[in-house]
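Residue numbers (our numbering), protein chains in the order written: chain E, -10 to 371; chain L, 23 to 206.
Calculated directly from the structure, the hints in this document are not laboratory data. Quick caveat, the model's predicted, so the values are computed rather than measured. Be aware that a few hints might be false.
[Stated by the list, open to error] With a cut-off of at most 25 Å between alpha-carbon atoms, the simulated BS3-like pairs for lysine-lysine come out as follows:
no.: 1; chain 1: E; residue 1: LYS328; chain 2: E; residue 2: LYS166
no.: 2; chain 1: E; residue 1: LYS6; chain 2: L; residue 2: LYS161
no.: 3; chain 1: L; residue 1: LYS111; chain 2: E; residue 2: LYS357
no.: 4; chain 1: L; residue 1: LYS155; chain 2: L; residue 2: LYS111
no.: 5; chain 1: E; residue 1: LYS6; chain 2: E; residue 2: LYS20
no.: 6; chain 1: E; residue 1: LYS259; chain 2: L; residue 2: LYS76
no.: 7; chain 1: L; residue 1: LYS76; chain 2: E; residue 2: LYS357
no.: 8; chain 1: L; residue 1: LYS161; chain 2: L; residue 2: LYS179
no.: 9; chain 1: E; residue 1: LYS317; chain 2: L; residue 2: LYS170
no.: 10; chain 1: L; residue 1: LYS178; chain 2: E; residue 2: LYS357
no.: 11; chain 1: L; residue 1: LYS155; chain 2: E; residue 2: LYS6
no.: 12; chain 1: E; residue 1: LYS230; chain 2: E; residue 2: LYS219
[Stated by the list, open to error] One-sided excerpt, in silico: chain E residues whose CB lies under 8 Å from chain L:
no.: 13; residue: ASN217
no.: 14; residue: ASN295
no.: 15; residue: MET353
no.: 16; residue: LEU358
Backbone N, C-alpha and C fix where the C-beta goes; we use that ideal spot for every residue, glycine too.
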Amino acid sequence: MRAMDYRGPYRVRVDDKPMPQIQHPRDAIVKVTRSCICGSDLHLYHGMVPDTRIGQTFGHEFTGIVEEVGPEVGNLKAGDHVLVPFNIACGQCHFCKQGLFGNCHESNPSATAVGGIFGYSHTAGGFDGGQAQYARVPYADFGPTLIPDWMDADDAVLLTDVVPTGYQAAEMGGIQKGDTVVVFGAGPIGIMAARCAWLFGAGRVIVIDHIDYRLEFVKNFAPAEVYNFKELDDVVTFMKKTTDGLGADVCIDAVGAEATGSMLQTILGKRMKLEAGSAIALHWAINSVKKGGIVSIVGVYGPTGNLVPIGNVVNKGLTLRGNQAAVKRHLPKLIDHIKAGHINPKAMITHRVPLDDIADAYHMFSDKLDNMIKPVLLPNGA
Amino acid sequence: MTDTNLRTRASKPSVVETSATAIDTSKILGWGVDADPDNDPTYPYRDRSNDDHKGSWARPTRQEPEVELLQSVEHKQLPAVFGTASPPKWISGAMRRLAFRWSESNWAHWMILMGADRVNMVEGLVQDLGRGKMPNIPKEMGVPAEWKHNKTGLVKKIGIATLIGASIYGLTQLRGRHQSEKAD
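Please construct the entire structure, taking both the sequences and the accompanying hints into account.
Below, the structure written as structure tokens:
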């Protein structure tokens, strides 16, 4: 089969790889119908995630048609069209029992801090991902969800990560009616977090980024007030001024390790890798939120450490909340939201790319070329 | 962590006793009088009703390891399911094995893994050449897309790279000439 093949930082290609096999009784093999490149794939592409080995196939956002199931999978059959949550979760360990499906303890030998994730380095379990014609799906009796007949396949693939992560970002913000919510980052997750903030009753939603075409998109999609931080003297002072000197009720970090906006953080985190990426968005979030406020973190950081003003967290009495989205938990509600027209995820898809052009797609996504917001791969054709 | 939570390492107990077993809470005066179920910052994403405060559960069927796996020393047991992509090998594999001697909390663990990743990239090139395959690096790096969507940027990047390359070459030549003059 044809599959994406990581060759080192900034280098990917498509190669012939062996077909995936059933390796566990709860496995399924799916023929991939849609697969996205996620902003967090760029952390792998840029060589920022430790234990990312050449030869691995990335891709944790995909849908597919079931080809084969293992003997312990009783709820799926060949021919079912499923969306596959990016978390690999057993559904029965100490953490899964509590609904923490992004923290499964039975899917990742390499680390205890994170559960298994498709195609996301060996730090997240060493699984090949869905940027391929076929993929192995562990715990297929628990994770994959049948795509309703009425649902557009493009909406379905965005339910595997982007929509639940954006939704959980807003949920973890504990947004109350009338709250001012600031979302740092106008990538797909930030866009969705801004949209979902309204579902929780936000009174005002502000999005900060430095890429104008993305700000323009979220301004209409969410909708939201948008500001380009490169046009502001000081992001935090601006936030204080625009909130009567108090700060926002809730700040959401939807950027993570590759944030732009601080030379110090860029050098230490992105160039020298002495931090787990640049944490300037989180820095701004902590300093922009009001005393007693909540900072919700869904931006992805590496496993070491970051320079953030933790003293201000204490002095301001902040609550920090973060997690990988528990996709499975959110799906019933989010499917209803799509059906009701509350959210329209597929509007974020700007590019459709054949698998063979994956190197171009990664580069374009990384360098924000051609106004790309969300690329979807079609590994087996349209 | 105090001794009430975890017995001291010096005694090396065969079974680590956790706070759930170390002290009989019924004998603690006032135990739980201020407990408030609403004081839970993990709501709603953690369903505390299913927290039995124990590290045991009905385990899934175990996948048979058929490739070399590197397991975090923080894991009590091998998780039931794992990926089998790109098992460790060559020099980078040796580095990864070394890294896994340390816990996830130790910087050495991650720094060695990052180093291994860089070595692995070179190994990948050698592997390609060994198979008689010349990797098309510009294509792998998306240069055609850059040419299509950002010609000016590409020209600028090539210009900067050429300038840096020429400067390094020039400095090397100058140093070589200087050393040979010194030798004469």
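We went through each hint and held it up to the structure:
A threshold of 25 Å between alpha carbons decides the hint, and for E/LYS328 with E/LYS166 the separation of about 24 Å falls inside it, so the pair holds. Of the supplied pair hints, the one linking E/LYS6 and L/LYS161 holds, its CA atoms being roughly 19 Å apart against a limit of 25 Å. A C-alpha spacing of about 35 Å is found between L/LYS111 and E/LYS357, which places the hinted pair above 25 Å, so the restraint is violated. Proposed proximity of L/LYS155 and L/LYS111 is supported: the alpha carbons are some 20 Å apart, at most 25 Å.
A C-alpha spacing of about 14 Å is found between E/LYS6 and E/LYS20, which places the hinted pair at or below 25 Å, so the restraint holds. For the proposed pair E/LYS259 and L/LYS76, the alpha carbon gap of about 39 Å is over 25 Å, so the pair is violated. Taken as a hint, the L/LYS76 and E/LYS357 pair is broken in the structure, with Cα atoms around 47 Å apart against an allowance of 25 Å. About 16 Å separates the Cα atoms of L/LYS161 and L/LYS179, which keeps this hinted pair within 25 Å; it holds.
Distance check on the hinted pair: E/LYS317 and L/LYS170 sit about 40 Å apart at the alpha-carbon level, beyond 25 Å; violated. Our distance criterion of 25 Å between C-alpha atoms is met by L/LYS178 and E/LYS357, whose separation comes to about 17 Å. This hinted pair checks out: L/LYS155 and E/LYS6 have alpha carbons roughly 15 Å apart, not beyond 25 Å. At most 25 Å may separate the alpha-carbon atoms for a hinted pair to count; E/LYS230 and E/LYS219 meet this at roughly 17 Å.
With its C-beta approaching chain L no nearer than about 20 Å, E/ASN217 sits outside the 8 Å limit, and its interface hint is violated. Hint status for E/ASN295: violated, given a least beta-carbon distance of 13 Å to chain L, over 8 Å. Annotation: E/MET353 was flagged as interfacial toward chain L, and the flag holds, the nearest CB pair being 5 Å apart, inside 8 Å. At about 4 Å, the closest approach between the beta carbon of E/LEU358 and any beta carbon in chain L falls short of 8 Å, and the interface hint on this residue holds.
The earlier numbered hints that this structure contradicts are 3, 6, 7, 9, 13, 14.
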